[in-house]
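Heads up: the sequence shown runs through residues 1 to 445, numbered per the UniProt record's numbering.
The set of hints was computed from the structure by calculation and includes no laboratory data. Don't take every hint at face value.
Unchecked claim - Simulated restraints on C-beta separations:
| no. | residue 1 | residue 2 | range |
| --- | --- | --- | --- |
| 1 | ILE70 | ASP13 | 28 to 34 angstroms |
| 2 | VAL382 | MET245 | 34 to 40 angstroms |
| 3 | GLN360 | GLN309 | 46 to 52 angstroms |
Computed from a predicted structure; not experimentally measured. For every residue, glycine included, the Cβ atom is placed at its ideal position computed from N, Cα and C.
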Amino acid sequence: MAPADARAPRTVDDTGLPFLFLAELVAKVLHQRGQLRLPELASHLKLSVSVIDPLIAFLRAEKLCEVARIGNSGTDADLSYVLTEGGRVRAATALGRNAYAGPAPVTLAAYTAQVQAQSVAGVHVTRAHMAATFDGIVVNPRVLAQLGSAMNSGRALFLHGQAGSGKTFLAERLRNLLSGAIAVPHALMVDGEVIPFFDNVQHQLVEETVAASTGFDRGTAPDMRWVRGVRRPAALAGGELTLDMLDLRFDAHTRLYQAPPHLKSNNGIFIIDDLGRQRCSPEELMNRWIVPMDRNVDYLTLHTGHTFQVPFDVIVVFSSNFVPHRLSDGAFLRRLGYKIEVPPASETEYHQLFRQACDQAGVAFDAAVFEYLLDCHRQRDVPLLACYPRDLLRQLRDLARYEDRPPELSRPNLDWAWDNYFAAGSLHGCALELERRERGRMEND
C-alpha cells in the first residue's frame, strides 16, 4: 500500500515523526495563531485528535501551554489552549530555527515510497492518446510519433528547431498525456528540518480531494498530510534558470526552505526552455542533470550541511534553438533518450495553421492572398514557422482597430504586417500606399 493510501495515523508513533518535533510544531502553531481548540489544532496540522492529545498533555506538563477557556459542552474537544510565557519563549526560539508552522510533514522515506508507487514511468502513451491530445493542432506526423514514443521511454528528450517552430507549445502539451492523479505531501521532514512541498501553482487539483478531517478519529479516514487528486505536474523554466535554483534553498530572513522546481515536478515533466540562453553555460546546466538522469535520484543539502537523497522521477524536456551537438558533448547526449527536431511547417501544414489563425483572429480567409504570402516566403527564403500566421494576423487586427474597421486579409495589409514583423522594408511599395491613405484621411478631416 502506498503511504498516501494508508489510514490517518492514530498515534504519534504512526506518524513516523519524533514526539518532541511534533510537540514543538504544536507550540509554533499556538504561537502564530493564538488560542485554539483540539479540533482546530488537528485540522491545521492535518492530524487526528488522538495524535494531538498527548502532545498537548506534554506541553501542559512542561508548563508550556495551559487551558485558556472551557466551552459550553465541557468536553476535552471544547477546551481552548494557549501558550504560557515560557511556551511563547520556547516557540519563538523554535521559529527562529525554522519558521514552518503548517501541516505536519511526512517522512522522506514515505515520500520516496509514494513517488515510486505513482512513477511517471508507468504512463502508457498510444497513438490514440496522441491523436486525442493533439486533436485540432497542426503537428508534423513524424514529430508526433517521436514524441509519443519518447513519453513511453520515461527518459529525457531534447526538442530542437528554429525559434517559433512550436517547440515550447509541444513540450507543454505533453503534460496532457500524463494520465492519473497523484498524491503530494504538504511538507517533508529531513534530519529534523521541514521543507514545504505542496505548491498551489505547480500542484493543481483535478479531482475532489477527500473531505477535510474534522479532527475526530475515523477508522477509515485517510492521512490528511497528503494532498490527493493532484494533476501530474509540469514546470517550465527558461532563461531565468540558474544552477542555484536547482538546489534546496533556505531563506535566512523567513527561515523557510524552498524546494527546487524539479523536486516538485516528481511524477511529471520539467521543461527547460530556450536552453543555451541561461546565465550559466549549457555544459554546467547539463552536467547538473547527469547523475539524476542516470540513477533516478538527486542529492540536496540542508543549510546545516546535511546532504540527503531524493527520488528523481521526472521526464526532463530540453528545448533549444540550437542543435544538440552545439550545446554538449557526447557523454551527456547519450543520456538523452530522444533528440527530436521540430522542423518548419510544410506548405500544407502552413495552410492549415493560417486558416486556424484566421478563425481565431476573426479574419476572413482569402486563398489568393495566402498564395501571395507563400510567394513572399519563397522570394525571401523565410521558413514556414508555426508562429508566423498568428503573429502576422495580429498585426492586421491591430491596424484594423486603429483604422476603426473590420480586419481584412489583403495584399497591402499583409505587406504592411510583413514589413513590421520582419523589418525587411516594403515589399511592393504598399507601406507608401498606406501612408498616402493616412495622409488623405487627415486632409479630409
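Okay, the hints, checked on the actual structure:
For the pair ILE70 and ASP13, the supplied restraint of 28 to 34 angstroms holds, since their beta-carbon distance comes to about 30 angstroms. The beta-carbon spacing between VAL382 and MET245, approximately 36 angstroms, falls within the hinted interval of 34 to 40 angstroms. The given range of 46 to 52 angstroms is respected by GLN360 and GLN309, whose C-beta atoms sit roughly 47 angstroms from each other.
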